[in-house]
Amino acid sequence: MATGQPVATAPAGVPGPSAAAAPLPPGRRAGLRLPRRGWLPYLLVAPSVLAIAVLLGWPLVRDVMISFQQLGLAEFIQRRTVWVGFANYHDVLTDRFFWTVVARTAAFTVVNVTATLVIGMGLALLLQAVRRAVRVTLSVALVLAWAVPPITATVVFQWLFDTQFGVVNWVLTALGGDYADHSWFASGLSTFGVITLLVVWQAIPLVALTLYAATTSVSDELYEAAAIDGAGGWRRFTSVTWPSIRPMVLLLTFLSVIWDAKVFTQVYGIRQGGPNRETVTLSLYAYQQGIGSRDFGTAAAVSVLMVLLLVTVLAGYLRLMVRSVEEAQ
Amino acid sequence: MIRSRRTGLLLDALGLAVAVAIAFPVFWMASTALKPTGDILSATPQVLPWPLTLEHFRTAVTRPLFGDYLRNSLVVVSTAVVLSVLVASLAALAVARMRWRGRRAYVLLILLAQTAPLEALLIPAFLVLRDVGLLDRLPALVATYFIVTLPFTIWTLRGFVAGIPVELEEAAMTDGCTRVGAFRRVVFPLLAPGLVATSIFAFITAWNEFVFALVLMQDERHYTLPVWLSTFRTAFGTDWGGTMAASTLFTLPVLVFFLLVQRRLVTGLSAGAVKG
Chain A
1349 MATGQPVATA PAGVPGPSAA AAPLPPGRRA GLRLPRRGWL PYLLVAPSVL AIAVLLGWPL
1409 VRDVMISFQQ LGLAEFIQRR TVWVGFANYH DVLTDRFFWT VVARTAAFTV VNVTATLVIG
1469 MGLALLLQAV RRAVRVTLSV ALVLAWAVPP ITATVVFQWL FDTQFGVVNW VLTALGGDYA
1529 DHSWFASGLS TFGVITLLVV WQAIPLVALT LYAATTSVSD ELYEAAAIDG AGGWRRFTSV
1589 TWPSIRPMVL LLTFLSVIWD AKVFTQVYGI RQGGPNRETV TLSLYAYQQG IGSRDFGTAA
1649 AVSVLMVLLL VTVLAGYLRL MVRSVEEAQ
Chain B
13 MIRSRRTGLL LDALGLAVAV AIAFPVFWMA STALKPTGDI LSATPQVLPW PLTLEHFRTA
73 VTRPLFGDYL RNSLVVVSTA VVLSVLVASL AALAVARMRW RGRRAYVLLI LLAQTAPLEA
133 LLIPAFLVLR DVGLLDRLPA LVATYFIVTL PFTIWTLRGF VAGIPVELEE AAMTDGCTRV
193 GAFRRVVFPL LAPGLVATSI FAFITAWNEF VFALVLMQDE RHYTLPVWLS TFRTAFGTDW
253 GGTMAASTLF TLPVLVFFLL VQRRLVTGLS AGAVKG
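From first to last, the protein sequence lines stand for chains A and B.
Sequential numbering from 1349 applies to the first sequence in this note's numbering.
Sequential numbering from 13 applies to the second sequence in this note's numbering.
Note that these hints are calculated values from the structure, not bench results.
One or more hints might be untrue.
Residues from chain B shown here face chain A by an in silico Cβ test under 10 Å; the list is partial [said to hold, decoys possible]:
no. : residue
1   : Gly27
2   : Val32
3   : Phe39
4   : Thr56
5   : Pro76
6   : Gly79
7   : Val94
8   : Leu98
9   : Pro129
10  : Leu130
11  : Asp143
12  : Gly145
13  : Asn220
14  : Phe222
15  : Val266
Taking CB as the label site, the calculated pair distances span [unchecked claim]:
no. : chain 1 : residue 1 : chain 2 : residue 2 : range
16  : B       : Arg17     : A       : Thr1564   : 18 to 24 Å
17  : B       : Ala204    : A       : Ala1481   : 16 to 22 Å
18  : A       : Glu1423   : B       : Gly193    : 48 to 54 Å
A virtual CB, placed ideally from N, CA and C, is assigned to each residue, including glycine.
If we strip away everything but chain A, and leave its shape as in the complex, we get (with noise of 0.2 Å):
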């Protein structure tokens, strides 16, 4: 989420946008039916795997590589090589602030994604529950918070969560709180709260938005039917909205948890990780490292660490991506 709009990947064979929005071929005869034209293919694709050779595989291998130097400011100067073998693997390792880094980082993916879904579906539920004018103020709203670039809306909370003037002290205040001259983010579990609410606040659009637009594929007699036959409401999400939007679920969860782990903007925007490097995440771990120490190896070892530890979320997000475009060709 940190370089751009949280829009999703769907798999093809989820159920809920309708047939006129779901642009694939009609099953496999028309895979089968697609024409071989010998080279001409290849040259479509090869300008694509070039760039991606070039300007994600070259970094990448220069990652690994520069994992395994010491490339400091003076080798960097100098344009010196030095190998060190797993020596920066092992100074990041054996670094307990990396490990609180870790924690920290899975205990906020944690609680963002599970914040997100959570109040994402409910949402969802409530823009079916209600009538139509409502339902269009809420997706207007709900499409507002999606679009605000993310470093506007690092900033606009930062002013709303102003010491002085922000406007969150004076309602608490005026509600009876003591906030006035409150500072939200003289500790760091209260400015990762700050950070949640504006990490949640624009990812739950996409989940409401996408959940809702599944949930109308749900014929209404499937409702009814439930009813008649005495399903609470409880009993009516159990067995006929969740099946119906399981798949979409599982897939939001997986984009979520790669979007909240690598979190950066945000982070970096409020307090750049402070105060006291008390909410520094992964990303902001290696950056600082990087760019802030120039210590570029241990930097890139951290990198590296980052990411073996989403290529694991990773693997099954592509397995189930892989498996829905077979599904559709």
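With chain A fixed as given, assemble chain B onto it according to the hints.
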């Protein structure tokens, strides 16, 4: 849905309350930007901006180098998006319309590139760009935004191309169109809306990008608008009016674009992808 009258009204009220809460930060940004400074730095904030003032917008756009930042952002983002859409269109045709050995591997590559945690490549990107002498130069950002937007552009366009029935093309050719003619008269007009939506989305992603611009551009004159915005708090001291005016200006084009393509992206989600 089945619902009783009373719970219905309660849910409607809840829906409205949630809508107000969710939209509030955006409203407060615009409202602050339009208030006189005296009303902003007040112990009892006014909800509505009255009297209105455009003074903060004037402050924001007359800040030194604002013109440079705007130009940097526009040039870098537009170039990257045009490149990305061109390269992606070719690939989308191959993936959606042709059968060839290696297509599955290619799809996997695109998915991998799309979900790759690019933030992890910040350090090597910095060093690679230094090696080739592009550090602190705008082409470095063009290359970055091109590769950031490319995978999802391919993926989304693939969906849009696949959505146009091959039968239409064949019918046009039976009626005497050439292959190119069939593409131009039948496929392209049907593809155009998808192409526009995809381009707009790539534009928004690149326009909002902050991390790489922060790290790769060091000379102040090479900053893009997001980096400029992030320096506001320190540069402006407590000028929240100016900060909110700048935020509003930066957000407006995104908002307009977003409202244009949002429906297509939500309903067409199974078609494609935009990564974060």
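Quick rundown of the hints versus the structure:
Below 10 Å, beta-carbon pairs count as interface contacts, and Gly27(B) has one with chain A at about 4 Å; its hint therefore holds. Interface hint at Val32(B): satisfied, since its Cβ lies 7 Å from the closest Cβ of chain A, which is below the 10 Å cut-off. Nearest Cβ of chain A to the Cβ of Phe39(B): about 9 Å, under the 10 Å cut. The hint holds. Taking 10 Å as the C-beta contact cut-off toward chain A, the hint placing Thr56(B) at the interface holds, the least distance being around 7 Å.
Proximity of Pro76(B) to chain A is violated relative to the hint, the smallest CB-CB distance being about 19 Å (cut-off 10 Å). Taken as an interface hint, Gly79(B) does not check out: its beta carbon lies about 20 Å from the nearest beta carbon of chain A, beyond 10 Å. A cut of 10 Å between beta carbons decides the hint on Val94(B): the least distance to chain A is about 13 Å, and the hint is violated. Evaluation of the Leu98(B) hint against chain A yields a held restraint, the C-beta minimum of about 8 Å falling below 10 Å.
At its closest, the beta carbon of Pro129(B) sits 5 Å from a beta carbon of chain A; the interface hint therefore holds under the 10 Å criterion. For Leu130(B), the interface hint holds, the least distance from its beta-carbon to any beta-carbon of chain A being 6 Å, beneath 10 Å. Given the 10 Å rule on beta carbons, the hint for Asp143(B) holds: about 9 Å separates it from the nearest Cβ of chain A. The criterion of a C-beta within 10 Å of any C-beta in chain A is not met by Gly145(B), whose closest approach is roughly 12 Å, and the hint is violated.
The closest approach between the C-beta of Asn220(B) and any C-beta of chain A is roughly 4 Å, which is under the 10 Å cut-off, so the hint is satisfied. Checking Phe222(B) against chain A: minimum C-beta separation of about 5 Å stays under 10 Å; hint holds. Taken as an interface hint, Val266(B) checks out: its beta carbon lies about 6 Å from the nearest beta carbon of chain A, inside 10 Å. Hint check: Arg17(B) to Thr1564(A), Cβ distance near 23 Å, so the stated range 18 to 24 Å holds.
The given range of 16 to 22 Å is broken by Ala204(B) and Ala1481(A), whose C-beta atoms sit roughly 33 Å from each other. Judged by the Cβ atoms, the range 48 to 54 Å given for Glu1423(A) and Gly193(B) is violated: they are separated by roughly 60 Å.
In the structure shown, a violation is registered for the earlier hints numbered 5, 6, 7, 12, 17, 18, in ascending order.
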